[in-house]
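Here's the letter readout for the chains.
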Amino acid sequence: MLEKAKNTQEAAKINWGKVKNILSSAGVLIALIVLSAILAILSPYFLEVENLMNIARQSAINSLIAVGMLLTILTAGIDLSVGSVLALSSVVMAILIKNMGINPLLGMIVGLGVGAFLGFLNGIMLTKLHLPHPFISTLGMMNIARGLALILTKATPISGFPPVVQFIGAGSIGVVPISFLVVIGVYIIYHIFLTRTPTGRYIYAIGGNIEAARLSGINVEKVLVIVYTLSGLMAAVGGLVLVGRVNAAYPLAGLGYELDAIAAVIIGGASFMGGVGTVWGTLVGAIIMAVIRNGLNLLSVSPEWQTVIIGSVIIGAVYLDVLRRRMETKTK
Amino acid sequence: MLEKAKNTQEAAKINWGKVKNILSSAGVLIALIVLSAILAILSPYFLEVENLMNIARQSAINSLIAVGMLLTILTAGIDLSVGSVLALSSVVMAILIKNMGINPLLGMIVGLGVGAFLGFLNGIMLTKLHLPHPFISTLGMMNIARGLALILTKATPISGFPPVVQFIGAGSIGVVPISFLVVIGVYIIYHIFLTRTPTGRYIYAIGGNIEAARLSGINVEKVLVIVYTLSGLMAAVGGLVLVGRVNAAYPLAGLGYELDAIAAVIIGGASFMGGVGTVWGTLVGAIIMAVIRNGLNLLSVSPEWQTVIIGSVIIGAVYLDVLRRRMETKTK
Amino acid sequence: MDEKTILLMKGISKSFPGVQALKNVDFDLMKGEVHGLLGENGAGKSTLIKILTGVYQKDEGEIFLEGKPVVINNPRDALNLGIAAIYQELALQPYLSVAENIFLGHEITKQSKLVRFINWKKTHEEARKILKELELDLDLNTPIKELGIGQQQMVEIAKVLSKNAKIVIMDEPTSSLSEKETEELFKVIFRLKEKGISVIYISHRLEEIFKICDRVTVMRDGEKIVTLNPKTTTKDELIRYMVGRTLEQHYPKIETKKGEEALRVENLTRKGLFENISFTAYTGEILGIAGLVGAGRTEIVRAIFGADPIDSGKIYIFGKERKITSPQDAIREGLVLIPEDRKTQGLILIQTVLDNIVLSSLPKYKKGLLLNYREMTNESFDLIKRLNIKTPTAKKVVKELSGGNQQKVVIAKWLTQKARIFIFDEPTRGIDVGAKVEIYNIMNELVKNGASVIMISSELPEILGMSDRIIVIHEGRVTAEFSREDADQEKIMKAATAAG
Amino acid sequence: STKSSQQPAQSSQETKTSQTSEQSKPIKIAVIVKALNSDYWKIVEAGAKAAGKDLGVEVTVLGPSAETDVSGQLALIEDQITKKVSALAVAPSQPPSAIPFFEKAKAAGIPVVLIDTDANWDGKVSFVGTGNYNGGKLAGEFLVKELGPGGKVVIIRGAMGDPTHDERTNGAVDVLKEKGLKILDIQPANSERGMGMSVMENILQAHPDVQGVFATNDEMALGALRAIQAANKKIIVVGFDGSPDALKSIAAGELTASVAQSPYNIGYKGVEAAVKAVKGEPVEKRIDTGTYLITKDNVQEEQQKLNQILGK
Ligand SMILES: Nc1ncnc2c1ncn2[C@@H]1O[C@H](COP(=O)(O)OP(=O)(O)OP(=O)(O)O)[C@@H](O)[C@H]1O
Ligand SMILES: Nc1ncnc2c1ncn2[C@@H]1O[C@H](COP(=O)(O)OP(=O)(O)OP(=O)(O)O)[C@@H](O)[C@H]1O
Ligand SMILES: [Mg+2]
Ligand SMILES: [Mg+2]
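Protein chains in written order, with the numbering used here: chain A, 1 to 332; chain B, 1001 to 1332; chain C, 2001 to 2500; chain D, 3001 to 3312.
Bound-form chain A, shown alone (with noise of 0.2 Å):
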């Protein structure tokens, strides 16, 4: 008797929470949908199948390099080098593939180890020289990697790649790009690494509480070194995207592109406190951005106006976020 009750109890729980979540990734959702919305009217360009692929392949480097991105700021932490950690990673590869000839799959393989490589030292200097903030070190790195990406190319671009490599960046299934595919498919597996495995969960527990995540005998310093190697990979990977999509790569690729990244993962709802944050908001977040210049694109707004604009969008997104969630806690 008490038994079912508790049971009945729990089941009711359980979906109580479920419904939370699809609420709380829906938070961000709202905004894109009004501001679809908004666009469709403006636009009769907008919502055509060929301009949707276009935020489709255009949010693709941006959700991809913010999804490591989300992850360092889940563990209360940032990723300033994410934009130079691209060039280097994806001019290595250029190098390898144009200048020496090597097969176009191992130099890609080789591009993404360098990002994975360099993520890995950003977590060594955190955690291993125990500088005070991740700021520091990947501040510290952005300006390294750039530099050495400029010398490696003697700052010039390196184009004309053979199609394996464009493949990913460029090619397209019907019209669906794969970058876009690409995109899903590493969505889903971050979800399930942050939902259901032990150092998904880990990463959560850092940033909520590091002191309670050691007490408990999580391993900190691995978990997070484990987090700023994944960073590297996943801008490594935004590389492999671009140089494929202009089938060129150049050294000052991927300038600013951590400030992008980091918006994304803010308008999902993300805390730069740490321990909140879903990769479905992030997603959303990036394809804001990316349907904010393609809406101002389409509507010919003059650069200095769509700055503006941008500027007010990004408020009005979380503001909008903000009232879902105070009318949330307001009906529960």
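Hints are supplied without guarantee of correctness; some may be wrong.
Simulated coverage check for chain B against chain D, where a stretch passes if three residues somewhere in it have a Cβ under 8 Å from a Cβ of chain D [said to hold, decoys possible]:
| # | region |
| --- | --- |
| 1 | 1050 to 1058 |
| 2 | 1242 to 1256 |
| 3 | 1295 to 1301 |
Cut-off 16 Å, straight-line C-alpha distance, at most; resulting in silico cross-link-like pairs (EDC-like, lysine to aspartate or glutamate) [unchecked claim]:
| # | chain 1 | residue 1 | chain 2 | residue 2 |
| --- | --- | --- | --- | --- |
| 4 | C | Lys2343 | C | Glu2089 |
| 5 | C | Lys2399 | A | Glu211 |
| 6 | D | Lys3084 | A | Glu48 |
| 7 | D | Lys3083 | A | Glu48 |
| 8 | D | Lys3233 | B | Glu1050 |
| 9 | A | Lys154 | D | Glu3167 |
| 10 | C | Lys2122 | C | Glu2107 |
| 11 | C | Lys2145 | B | Glu1211 |
| 12 | D | Lys3152 | D | Asp3209 |
| 13 | D | Lys3084 | A | Glu50 |
| 14 | D | Lys3104 | A | Glu50 |
| 15 | D | Lys3285 | D | Asp3122 |
| 16 | D | Lys3083 | A | Glu50 |
| 17 | C | Lys2343 | B | Glu1211 |
| 18 | C | Lys2494 | C | Glu2179 |
| 19 | C | Lys2235 | C | Asp2214 |
| 20 | C | Lys2010 | C | Glu2062 |
| 21 | C | Lys2166 | C | Asp2028 |
| 22 | B | Lys1222 | C | Asp2329 |
| 23 | C | Lys2399 | C | Glu2089 |
| 24 | C | Lys2343 | A | Glu211 |
| 25 | C | Lys2323 | C | Glu2266 |
| 26 | C | Lys2271 | C | Glu2146 |
| 27 | D | Lys3104 | D | Asp3122 |
| 28 | C | Lys2253 | C | Glu2485 |
| 29 | C | Lys2004 | C | Asp2028 |
What the hints contain is simulated information worked out from the structure, not anything from laboratory work.
All C-beta atoms in this analysis are idealised placements derived from N, C-alpha and C, irrespective of residue type, glycine included.
With the hints as your guide, set chains B, C and D with the ligands onto chain A.
The following block gives chains B, C and D with the ligands in isolation, referenced to the frame of chain A:
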């Protein structure tokens, strides 16, 4: 008898505290000294008075912005909009003075007012709209203010100002630049503000534990608005100095300055988690940034290597501080 | 050593900047025994167990587990050796659910080809089992941050049980628990004993020591004083070992004459937390508020203090209705709240004792525009003496104080206020017997000088010992009110569990 | 869904008929520049708009937020293709990486004219401009003329890896080396006036003997000039872009010279070529808009020209 004991104990305490303080701000100082020593060896020009004055000039603007940034970081916040606020406030001033023939002094005051107002808006967005983190509000402001600066100027610099406007940025007493004297003055004021006034202490308290601060009867919202207003104001002061220095106001002024300011604050030993940091550390941090760049120019380091070295020095400087702290705790 | 000894700590010493926390301490633990650890605030109890669990590294000494010397570099090592602990400062994940917190660090996983996946279903089942064992009715999905401190304490207990360790350490597990939960805990401890699991039990509630401990070790100023058998000793003897003197009185209640109405609340309601709360507090009296953990006492006083919103109800201060929407309002009205959770609500851990003590009344120290440090230092120094806060200097970072001493700082902080209504939420949480008396004396002094004191406590003897009047809260409602005379243990428990 | 299914068909059919059906539907030209945050591009815009008026076609000028925002510019191209503009006139920030997008435009039947910066792509209708490399050479030659062999020169340049500044620098360096001048130093100054000043201040410390400065844009040149004046030195300073501020300074006898690429013509002729292409008329592969130096000799008329252009 007991009284005596107490007092002596007191004295002991105070001295001990002082020593510790000096040591702690010395932390970064050590890095600065090491760096300077190296440069003095590598370049005969480095220690020339004229060059030291150049460093004073070149560090002034970042120093002024950084002290405002420090306030926001002490509250566990951040202000990404400083660069754009600098631009917008200075072009508004320029337009008033040059295009509208308003009295220069009045124009300058209005310029400062604009900066403070933009900062005030950042604060309001944070406290009244309850945006989750100043990253969003100030990122928005960063774009909005930049856009407006471009629109107001039609992307054209405005140059040629009366002496009174140039004085702060370009004037000097003997060899000593006015801008540097301004910096010293400002830093003394902020030191007193942060250490000797309730509001100053509240800023640390909010960063240390916002909930406890609130329960202690601190008007957290009010303090935060003050903090962001001051940050905006300091950006405008930086703008004033820049305009005087180059005798021109231009819409792309201050691009990327936020990163330099944040770097100065963090190198200076402040914590992103809030509640920790001193104005003197920040000043040293800003000077370190200027010294690196100055040194690289003196040594004619090639551009691509410059980024690499800047990155490495930032990491090195902070690491030195980490080592110092560890020794400190060991020895005591 | 005989084979029944599972743990032996020999000649342990540990010093921190400015303090010798442990001086050559010996400690041993038998298989299946409950070993009590007693001592004043700052005696070194927590430090000793933190060395055992690898949170701190010892300066000198050795640790033997089942006869073998062991090196414990971090909590992970300790857990791997079968040593689990509930720390005095709760260590839970605010955003993670109850169930997840219980199994954090040792998740229940199902091995698939290459990755370990968490088995949520099993995790929930197991978690539910443990909560049932503790007679604890909690939603497994609630994030910890939405639980009261007492409930968090219970989750910590569930967590330590889930680790089925050989040695279980409990550092003041009952400091924020009421009789009911304490009883549940004791049942669990006896079950552990039967399973041959050893327990190190730290508490400032001496009755508990006599109830459950096989042996008790007393520490003072970082040194081990004695180890003895509770059966052959008395409370007074233990206290003498602890503080070096005897306490003539545990509850120094004084007679004061009830004065005017200070605080009156009418039908205070916050949906889901409490409903139609009405009571009155007078100057010159101590009003005790009793109840079980999670009854909503903290929520009620937080609402009165303006820290949380209310849905309806009126608040009268000295007869006049007042709208209190923020702590500033309350403080302006001369009403202050000493919060229950020092870590998240009471203190700024990274700041010094001085900073924390003066924080709530900084404007008071202004001389012209600037703060007068000498004045601030002097007042905080007086409070440090008066509450005998164990700290080498007023400039010590609060984080580095012992739990009890941190609690004293929270109280000192609010004594700088010239308030007329003081609400203490679990004021003696983690405070040693000697210091408790000191705090009671402070309350006496306050009421004597015409202030009104409201005291929430989960420790019934304290409520009975110090209150002039007692109201009881159960599930967010006032279920009874007693005068000092006709209040007793049973009546209050009845009202608290609403069995009546 | 019905809309989306017929979409591709529609566009492909349009590509076929684009040549013939032009007269019927209005011509839309999208001019995509590297950014619109400097005088230079503002003047290009003015030229393009003027051509639009004269030829009676609709011209929209767009650009990303910064010259280094390469992917932003590429997205712009993509989106304009979606809008099915009649033709594109593009100043590629990073030529090689823009080629796939030019191909895309071509495939959609949208002719592409390159302006200001050329790309090594055969599909282009035409290149309108002179290229930054030649501009750099011009600056170099001027310094050669003024200082002669052995002259000591420093170069202050914009961001490494930004093709515009790379080419301007290389152009100058090649000439200076060839003619035997000494390049004491090449330092970056972020294309910004304030930093240009700081860098020059430092250079004056390290190289008090410097005789000539080439800055790869006018902003840095004016900053450097300011530093030189502050040090009471007389050094030749050559800027790039012929911006209004630079002209003012030249007229005042401060700045020595500035390389001008007649941005107005680049914009105007670029649109002209694009319209021709749309109408299927022949366009020559290379339209040289001329690069020249502005010095105190010709600064007056240049200023007048500029004032008309900017409608002042
Ligand atoms: N991390 C630390 N840094 C500096 N000093 C510390 C630190 N931890 C504890 N101490 C000091 O060591 C001494 C013993 O502290 P400990 O926490 O062991 O006392 P305790 O017996 O647990 O007291 P309580 O009953 O209040 O919990 C205290 O004087 C305390 O100030
Ligand atoms: N921030 C919160 N959000 C939602 N519910 C909360 C929050 N804090 C406490 N509660 C709930 O309110 C009820 C009262 O908890 P609270 O701890 O205030 O009671 P209490 O009588 O003070 O007991 P304790 O001794 O644990 O403090 C509990 O059921 C708790 O789960
Ligand atoms: Mg303790
Ligand atoms: Mg409570």
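List in ascending order the numbers of the hints, as given earlier, that are violated by the structure. none
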